[in-house]
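**Q** Residues per chain, in single letters:
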Amino acid sequence: MPLMAWLLSLMVLLTPQALGHEFSGHVAAEGRFFLDEPIFPEQERNNASISFQPEYYHEWKGGSSFIFVPFARIDNADDERSHVDIRELNFLWLGDTWELRVGVGKVFWGVLEFVHLVDVINQTDLVESIDGEDKLGQPMINFTLPRDWGVMDLFVLPYFRERTFPGSEGRLRTSPVVDTDNAIYENNHKEHHIDFAVRYSHSLGNLDFGIYQFLGTGREPTLLSDLNESGLPVLIPFYEQINQTGVDLQLVAGEWLWKLEALYRTGQGEDFFAFVGGFEYTFVGIFDTNADLGVICELAYDGRDDEATTIFENDVVLGLRATVNDAASTVLLVGMSQDLNNRSKNISIEASRRFGNNIKATLEGYAFLNPSEDGPFYSLRTDDFIRFEVAYYF
Amino acid sequence: MMIFSLLFPLPATAADSAEEKGLAIALEEDRRDNGFGDFIADMLMTLRNKHGQKSIRKIRVRTLEVKNDGDKTLTIFDNPRDVKGTAFLTFSHKKGDDDQWLYLPALKRVKRISSRNKSGSFMGSEFAYEDISSQEVEKYTYKWIRDEEYDGRECFVIERYPVDKKNSGYTQQVIWIDKLEYRPWKIEYFDRKSSLFKTLTFNGYQKYIDRFWRPDKMNMVNHQNGKSTELTWSNYKFRVGLKDKDFNKNSLKRVR
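Chains A and B, in that order, give the protein sequences.
Numbers given in our numbering equal positions in the first sequence, counted from 1, plus 1231.
Numbers given in our numbering equal positions in the second sequence, counted from 1, plus 301.
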């Protein structure tokens, strides 16, 4: 592992001779309060945690740079949720006509607000949040060619990160629990299998689009029922080798944003096609105030139906985003997803605002209504919760 | 632009209509700022509510002049710290909607956003997006009203009316422009009900690379809610060698 080499380089950079230091980050305290008693006796009802994510950045003359973003969370209830990660540890060499990034990085692909279908480079850090937007750092070599005719990105991904799952004592877990210590792989190189991706993206007038090919270990495991050493039922994550083509596009038409993400995947069960399409429309200055109201609609289809390893198979998601446009940057986002195959419905609310110059408070709520017995949310049927976080940014 | 300058040679003569004279003044103001190439600057934004409570934003701005179209602008936030690294990329256009992208550093996500939100507040300030976006001549029609002295300077007073009436927050703006250097000193904004909405004043103009005037301070007062926003500009540097490739979706991802 070249980690030691990276850390040594970092120490060299941290010496006082280095120019263009930048140190920032945030520390946060969080509480999650669950409305109902947990299903399993080993589960704690509520939890409190603290997290820390500092960021060190250095830039050389000419624009090449180094970034280091470690992350840690300590959770009082769930051992799996107490974890550390390197979110980023990346050197960027900036050439005249190319960019090369080597290290641990983070890449986002996609255009939709609730459903993130085509985002494939980074593994989901599921213990952080069930919205799937938190990601683990991905070791990578990324070569970028920005051209007049678009941007070509090549990725070599030499090490695979396993998805995190809540442990047996935590809430928002599966039933039975996922045994993350005994993941199995289709390929015998396991996490050392070298994955590849290539993506082309471009902006043409009102249209932004990207198309990619990914070849390697699938980020979404298939969860297999098994027994652990003690003879207790567990779910074993099985990581297949997949070949995935993905497309994302977005069209701006006045106040309308039209969005589409689609993928075709082979190697994980039967070959399948999945897409999410939708729009976002913004009403500016509602009720004669500075506030904007965005209306979001997303429709998800997954060819695997209930076999899908994702939370959105055949769902419609409706969202409202109120941006108050005040000095405190107050934002409220409400989302409701309805499964089109059964009565399962989820509601999410997220509100945040700033206090003073450095403190941000976030209030979140999730409700899982009528989860179907064979659906992915059935084990969450008593897990409606409210989350409160106060973060200090420096 | 060249053709317009030939059609309306300056100074405007008394024979012109008030509309022609207004346009000629706007064109001359634009002509005098042509050819700056590119610049970078730091902007301190101070938001004050009617109780005098302050809130600060630190922003860096990079602008590239584009021949025959609107400028390309990159706006990067350093403060408040929770939005540090957030950046806007705007391609302004003389005709039609601007192109705009937002970079969210926590998600590493570049989002294409609608630029129709012209009348919306920029980062909770009293500046609307249309107030701080590239001021292209073609975005308004004009009318000269009178000449008058403002703050000891002989000024033209002109009215301008947004071309995009549907999305602008204003019916008209009244601008005081000095006759000597064609610099704006005051803008009054009138809302959709035609009542006085906001007043912007400019102070401390400095000349850069012997030709281009920029104010050190711009103060926007909202008469309807009692709030104000002051922009303090510093570290102006012209012709630092910015290129097209510094203003695209790809460079937005590594902007600091």
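What the hints contain is simulated information worked out from the structure, not anything from laboratory work.
We treat Cβ as the ideally placed atom computed from N, Cα and C, and that holds for glycine.
It is possible that part of the hints are untrue.
Below 25 angstroms or equal to it, Euclidean Cα-Cα: the simulated SDA-like pairs (lysine to any residue) are [as the list claims (entries may be wrong)]:
(1) K1337(A) with L553(B)
(2) K546(B) with T374(B)
(3) K544(B) with I1270(A)
(4) K538(B) with G1293(A)
(5) K544(B) with N1418(A)
So these bits of chain B aren't anywhere near chain A, every CB distance computed over 10 angstroms [to be verified]:
(6) T374
(7) D383
(8) E437
(9) G470
**Q** If any of the earlier hints don't hold here, list their numbers in rising order.
**A** Numbers 3, 5, 7 and 9 - these are the hints that the structure violates, sorted from lowest upward.
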